[in-house]
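Peer 1: With chain A fixed as given, assemble chain B onto it according to the hints.
Residue numbers (the UniProt record's numbering), protein chains in the order written: chain A, 1 to 532; chain B, 1 to 532.
To be clear, the hints were calculated from the coordinates, so they are not data collected in a lab.
From a predicted model like this one, the values you see are computed outputs, not experimental measurements.
Please note that the accuracy of each hint is not assured.
Which copy is meant is left open, so a pair is good if it fits within one copy or across any two.
[To be verified] Okay, derived cross-link-like pairs now, SDA-like style, lysine to any residue, Cα gap no bigger than 20 Å in a straight line: (1) LYS370 with ILE25; (2) LYS370 with GLU325; (3) LYS165 with LEU99; (4) LYS471 with VAL503.
There are 2 protein chains.
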Amino acid sequence: MTDALDDNFHVFDTTLRDGAQREGINLTVADKLTIARHLDAFGVGFIEGGWPGANPRDTEFFARARAEIDFQHAQLVAFGATRRAGTRAQDDPQVRALLDSGAPVITLVAKSHDRHVELALRTTLEENLEMVRDTVSYLRSQGRRVFVDCEHFFDGYRGNPDYAKQVVSAAHEAGADVVVLCDTNGGMLPAQVQAVVATVLADTGARLGIHAQDDTGCAVANTLAAVDAGATHVQCTANGYGERVGNANLFPVVAALELKYAKTVLPAGALAEMTRVSHAIAEVVNLTPSTHQPYVGVSAFAHKAGLHASAIKVDPDLYQHIDPERVGNTMRMLVSDMAGRASIELKGKELGIDISDDRALVARVVERVKERELEGYTYEAADASFELLLRAEAEGRARRYFRVESWRGIVETRPDGTHANEATVKLWAKGERIVATAEGNGPVNALDRALRVGLERIYPHLAGLELVDYKVRILEGRHGTESTTRVLVSTSDGRGEWATVGVGDNVIAASWEALEDAYTYGLLRAGVEPQE
Amino acid sequence: MTDALDDNFHVFDTTLRDGAQREGINLTVADKLTIARHLDAFGVGFIEGGWPGANPRDTEFFARARAEIDFQHAQLVAFGATRRAGTRAQDDPQVRALLDSGAPVITLVAKSHDRHVELALRTTLEENLEMVRDTVSYLRSQGRRVFVDCEHFFDGYRGNPDYAKQVVSAAHEAGADVVVLCDTNGGMLPAQVQAVVATVLADTGARLGIHAQDDTGCAVANTLAAVDAGATHVQCTANGYGERVGNANLFPVVAALELKYAKTVLPAGALAEMTRVSHAIAEVVNLTPSTHQPYVGVSAFAHKAGLHASAIKVDPDLYQHIDPERVGNTMRMLVSDMAGRASIELKGKELGIDISDDRALVARVVERVKERELEGYTYEAADASFELLLRAEAEGRARRYFRVESWRGIVETRPDGTHANEATVKLWAKGERIVATAEGNGPVNALDRALRVGLERIYPHLAGLELVDYKVRILEGRHGTESTTRVLVSTSDGRGEWATVGVGDNVIAASWEALEDAYTYGLLRAGVEPQE
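Looking at chain A on its own, in the form it has when it is part of the complex (with noise of 0.2 Å):
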């Protein structure tokens, strides 16, 4: 059973059905189920499942999420259209997917442009309103909750604005709950959109909503100004997702909601979750988190400028518009070349290495980091092997628990078209050669394994370390340079992660390089004592 948020303010999620359309997404019915289990326990009032009979993947999603999602916040929507011209709603077996796929609320797409009715739909204004009113009327009778989506409204509306407010009135009379008003082309500004939402208020009496894309970048903002207006049902994604630019991100329009406008949208304790909820979705749909996002990215909150890191350690309040716990995010210091010494301090101490005494060596650090930089290397997302820069400076010398002779990676097509990948390394370790050969499932991965069977009967602290992630860039070379390649490696020991940066002139040279300070910090962290 669902604890609805009270019913004044409804947030509205479209990930699974407007969201999908995002170029590069594509989902299982096996990830729609994860993402609205994420959405219901966020917290959200409404999670518009997709369109059931339109496509057999979202009919089978209905099936599944009324089966095996127990549903804490969030009532489930099934997205439809009113039904064809010239037949009754109840003949139309599009509305008869609607309501068998037993969601409790139903959206019904309208159209309210009028040269959409005429050239897309291809029939009467007169026509549209009987669709409107027909399908409401059917489907309140059969005992569901319906939202309308006015699709095109605000291109319709500076074309044919009564037009378009008869639309609202039809389906307000016959009973939708909410009139929602959308910019499906995205190209409304926020001042438009509240003076439109004002006015149909006035005009209409109906309960409205708000469905915003992203297109001249205000998404976010149109959203804040049709509530500010007084529609009181948003639409968004989560990310931000949908279709070209982008529809309203769920997590900046609900985080201005409760910090901005102190107005309760979600349960307590939900805001945060924030962070770990959208980069939870990112990785169900495989994509890339935004590093950028507002609030959730892992930029958001991180300070790279001289000017501000050393103002930083004053208060850190003057310089951040929310405390990034609130939504679940942290303060980053980031060490890069333009960093100066108050950074490369900062760093250490978060880092527990108090070197803020030790000009000299900091002065060193802060050269060596602007070398590496302009290697190719990136510090800012690779804290361990900073770390181990930055030991390595202030012990004198560098941790060393292996050395490596050589290695050597082989790739090669098998008869059957099926492809082996063998390694080999030489090191040196506690005084002892060791030669090693391994295969994995592509040449890093022999590495990596090469590299773990050669050193495991030495150091039997590295069967517990586990690669959970591998980022691969090609950094162009501009001005006659060749390119380089930098890896970034994620190693976890179950307790924890940590990042380390590789570069060289081909994948496999530079993530050689991110792995062995991989396995170098995972030694040191366990408190291994170095011995080459």
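Peer 2: What follows is chain B alone, placed relative to chain A:
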């Protein structure tokens, strides 16, 4: 010499100063000069180049920009701070460096939030006002135009509006041409910005500008809200680069002003270059252009939904808020497993292959695309691979210019620490068996060269092809499956570019597949007859 646009409205770009604070950006002097040329050609009125004196790179930039760039539209701006407390502006070396930069315009950053004055600057409120007056007057006396950035203005205004306005008045009365209200922490929403700008304008009479950060996802809307309230100077960065989440994005701001406000803020013809300029700057800063950026992203006018695709045949203007040609972008139909028949047909037409009469063929192509996308392929970004797939289905068999028997790649460390990359391919072409070996700067490059070495004698046309871009994506394995690797390759023959995709269990295998498609397509495009 500049042909400065109407001075009544300023488009002020700070990509080179504030934009460079973005995590992951690290600009050389050469990069900054290249970006300045792009921005000048695009037609912004002012280019803030950096902080001369604060770091040697920026000092060098100003010297070289004056010597090497013949600005057509923009004026060069140096950024710096008001003089230190308790000194005189003419004695402050930092102020001296601003004059020495030779920039005709200087932006001074001034504190306008009382707590920042006390806690970060550690001086009195009155001395801060005197620092503003003294520095502005002195620079004016030296013949420079002065803009003043009131840092943390909106946060300061909330706590102490009188003091914040005193700073504006001090700058204005001392001779600053524009006083820029900065939302430095980025926490504002448009309605707040509009109200504050309107009040400050009425109370001080100063010419006002706006500098918005994007921490609420509203920087573009905040900028436009300030313009609505009377600001006549907008500070932006290309692609919204900037610290934390970023700054107000130059491109949607100028597009909104030109297309939605019908306000001329760029030279004639500039807007149609916007997509190219955005991508070129991303290239220079070495960040992948955001595919979902408003107006200029490759997805910004891409249509995926079957629903839309069928209606777009009727009238594209019904489904786009502007004609993409106006900003130099193009409408695209996406091929994906969500696409229905209509999308595939339109895509065929785009490629010059009319398949709309053959319903069975269209169904087979839809089916094949679905299968391949499940395996990890993506045709949205790989038109050439899609065309090969489409032709294979239409012609009953794939075009083949060669058949691969096997290939092998070896990567190893040399004794001197450098890497050797060697590849061998065994293939058949025109009835001949070919064995070729080549070295390269990486394993993929070695394979590419071996393939060319083997085939160029038989297909001399291949000598003119060049790999121009190479992207690797690890597709995370979920639900217990192994991860797979997807590679996208762009190839050029000097007249055009095409993109191909390969998927495999490792990066080399995936690259190999994308290369095979790339060369097959290159030969097809050149009109070479297939002969295995």
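Peer 1: If the cut is 20 Å between Cα atoms, do LYS370 and GLU325 qualify within a copy, between copies, both or neither?
Peer 2: neither (31 Å within a copy, 42 Å between copies)
Peer 1: Checking LYS370 and ILE25: alpha-carbon separation at most 20 Å within a copy, between copies, both or neither?
Peer 2: between (38 Å within a copy, 13 Å between copies)
Peer 1: How do LYS471 and VAL503 come out at 20 Å by Cα distance, when the copy is not named: within, between, both, or neither?
Peer 2: both (12 Å within a copy, 16 Å between copies)
Peer 1: Reference check for the pair LYS165 and LEU99, CA-CA at most 20 Å: within, between, both, or neither?
Peer 2: Answer is neither: 27 Å inside a copy and 60 Å across each miss the 20 Å cutoff.
Checked against the numbered hints given earlier, this structure breaks hints 2, 3; the rest are met.
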